[in-house]
Amino acid sequence: MNKKINLPELADSLAKKCNITKKEAEIFIREYFSSINDALIDEKLVKAKGIGTFKLTEVKDRESVDVTSGQRVVIPAHYKVSFTPDTQLSKTTNSPFALFEPVEINEQTEPDLLSEENDNDAFPDSEENEIPVVQSESKDDELIVEVNADNDLNDRDLNDETISEGGLKESHALVVDEEPILVEEDNVVDVPVSENNIEDLPASEDKIEETPLVEETIENDDNSEDKVEQEETKLFYEPVEAERKNEKNFPWLPIISVLLLIALAVVLIFIYKEEQRLIEEQSLYVYVDEDAFQKAYKDGAIDKLPGTQDDVQEEDSMIAPENEVDSLINSQAVDSISLTQNKTLEIEPQTASTSVNPEQVAPPVKVKESPEKTENTPKATTALKQRQLAAGETLRILAEKEFGSREFWVYIYLKNKAKIPNPNSVKVGTLLTIPDKTEYGGIDANDPNSIKRAKLAASKL
Amino acid sequence: MNTSELLVVVAKKLKLTKKETQQRADALSEIISDELANDNVVSLLNIGALEVNKRNERVSFHPTTGKKMLIPPKLVVRFKSSTLLKDKVKSMKV
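Residue numbers (this note's numbering), protein chains in the order written: chain A, 3 to 463; chain B, 47 to 140.
Rather than coming from a laboratory, the hints here were simulated on the basis of the structure. Idealized CB from N, CA, C, for every residue including glycine. Fair warning: there could be bad hints in the mix.
Derived CB-CB ranges, DEER-like [stated by the list, open to error]:
#: 1; chain 1: A; residue 1: Gly406; chain 2: B; residue 2: Val105; range: 28 to 36 Å
#: 2; chain 1: B; residue 1: Ser106; chain 2: A; residue 2: Leu9; range: 36 to 44 Å
#: 3; chain 1: B; residue 1: Lys114; chain 2: A; residue 2: Lys25; range: 54 to 62 Å
#: 4; chain 1: B; residue 1: Lys114; chain 2: A; residue 2: Leu9; range: 43 to 51 Å
#: 5; chain 1: A; residue 1: Lys18; chain 2: B; residue 2: Val54; range: 22 to 30 Å
#: 6; chain 1: B; residue 1: Asp72; chain 2: A; residue 2: Ala420; range: 42 to 50 Å
#: 7; chain 1: A; residue 1: Ser84; chain 2: B; residue 2: Lys139; range: 12 to 20 Å
#: 8; chain 1: B; residue 1: Lys114; chain 2: A; residue 2: Lys19; range: 16 to 24 Å
Among chain B residues calculated to face chain A with C-beta under 8 Å, some are [stated by the list, open to error]:
#: 9; residue: Thr49
#: 10; residue: Ser75
#: 11; residue: Leu82
#: 12; residue: Val87
#: 13; residue: Arg104
#: 14; residue: Met115
#: 15; residue: Thr129
Chain A extracted, bound-state conformation (with noise of 0.2 Å):
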């Protein structure tokens, strides 16, 4: 790399090439080179295949300051030396940055997205690069959501864990404690009834449906997160007077307020790791769907599931509190959680395929391979020609090769729909049969009605 070729390194590799001596290529080099030397100043215009053309081009005379006396020169007219490289021999040193091409750029565009791509030299078009930056932005609020979720559960155990600390000094706490369960098992009851909503809302394949249902759930939501906070309050309030009366504690009560508190850590525990397993479980499937996920992303079917999957949790962390109370409540109510939110689960897929329809996919512009290597073999078949995608190639590039333009991607896109889901983006190693030239109302580079075709076909996507 960047290496100097002089005339040895030449010869060297000209002698190999055409099976002459090294003497004999260093003769020819040395005598191509001073007849182009020669000719640039007989006729000021050499053109030489496969390197390019050098040409004398004029240059004006015009005044310039001499930088040390600062008096006014006129530099004469003169020539100089031009050179434009072989189209050949451009497109060969340009081949790492074949892939690249010029893309519009919308008004609203961020100016981070614009050094984004800048620092992406591997895929700089914004087509390309837009598509899977919001993907990967939803993901991650799903995921941010979810991690909120868990920091409110922990928040509230904090809370809880406060309050029965306050419990260790007096008697009363116990009495407090428990007072809140009639209203909070009104709640428990409350919280599954919503959540029965969520369970027949993805099993309801209707979107316009999905809304109003969800709404709903929400609005439960909120009473009977209104209805815990109050309860909150009051345990807050109570066990404080209750102090002041219970300076002086019987023996045995730590003693009880200890194991309760051990009780209590240990379903918070078996909460906590509940939590972790469907969580991870989530992610699992966000990883392993998010193809389908990504497609059903832009169908915006998608949009709404993680919000009600959000709502479930969220009821998660309401229930929180009550667990401390009652172990029995807690488990129960953690079992509907974790099945209800197991049914989302299950369901998020397939909403998420039915409603993934290939034609509605955005308007292709750019192919994204993974940097993966695989080898590039084509495959002659019977009665049309079979190619399989070699890494950095793109359905563009695939159609410079067999057509001789860019445009004709579409056919070749149209011929193998059904193994492509996302002309954006082709796995590497697809088997794609390449269109005969005869089809689509003839297919050729040469023909401006033919590219004006394509381009249209491209624009109906």
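Add chain B to chain A, keeping to what the hints say.
For chain B alone, coordinates are given in the frame of chain A:
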């Protein structure tokens, strides 16, 4: 002077057939383009040298639609004339 004329001149000087010269010239240009593709600087002896430069991506405007376009980065071949040739050419009268 175009390629075929150049080849005739070279063939005459080296007493080679036209076919041989053609073959060698093609091979030479192939070697040069290979070396340039490998990001090497190729010296053209007394003429100068060819090297590869990277043109950065830039934002430009479509002349007819006036839309902003991102022009991708590009690798271009640059010719660096030797001082000998440069001076020779400079001294020529327009």
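Now the hints, each set against the structure:
Checked against the hint of 28 to 36 Å, the C-beta distance between A:Gly406 and B:Val105 comes to roughly 29 Å, which is consistent with it. Our hint of 36 to 44 Å for B:Ser106 and A:Leu9 holds, since their Cβ atoms are close to 40 Å apart. At about 57 Å, the beta-carbon gap between B:Lys114 and A:Lys25 stays in the expected band of 54 to 62 Å. Judged by the Cβ atoms, the range 43 to 51 Å given for B:Lys114 and A:Leu9 holds: they are separated by roughly 47 Å.
Between A:Lys18 and B:Val54 the beta carbons are some 26 Å apart, a value that agrees with the proposed interval 22 to 30 Å. At about 44 Å, the beta-carbon gap between B:Asp72 and A:Ala420 stays in the expected band of 42 to 50 Å. The given range of 12 to 20 Å is respected by A:Ser84 and B:Lys139, whose C-beta atoms sit roughly 18 Å from each other. Between B:Lys114 and A:Lys19 the C-beta distance comes to about 46 Å, which lies outside the given range of 16 to 24 Å.
With a cut of 8 Å, the hint placing B:Thr49 at the interface with chain A holds, because the nearest CB-to-CB distance is about 4 Å. The interface hint given for B:Ser75 is met, as the beta carbon of that residue sits about 3 Å from the closest beta carbon of chain A, less than 8 Å. With its C-beta approaching chain A no nearer than about 5 Å, B:Leu82 sits inside the 8 Å limit, and its interface hint holds. Annotation: B:Val87 was flagged as interfacial toward chain A, and the flag holds, the nearest CB pair being 5 Å apart, inside 8 Å.
Hint status for B:Arg104: violated, given a least beta-carbon distance of 10 Å to chain A, over 8 Å. Hint status for B:Met115: holds, given a least beta-carbon distance of 5 Å to chain A, under 8 Å. For B:Thr129, the shortest C-beta to C-beta distance to chain A is roughly 11 Å, which exceeds 8 Å, and the interface hint is violated.
Violated hints for the displayed structure, listed by number in ascending order: 8, 13 and 15.
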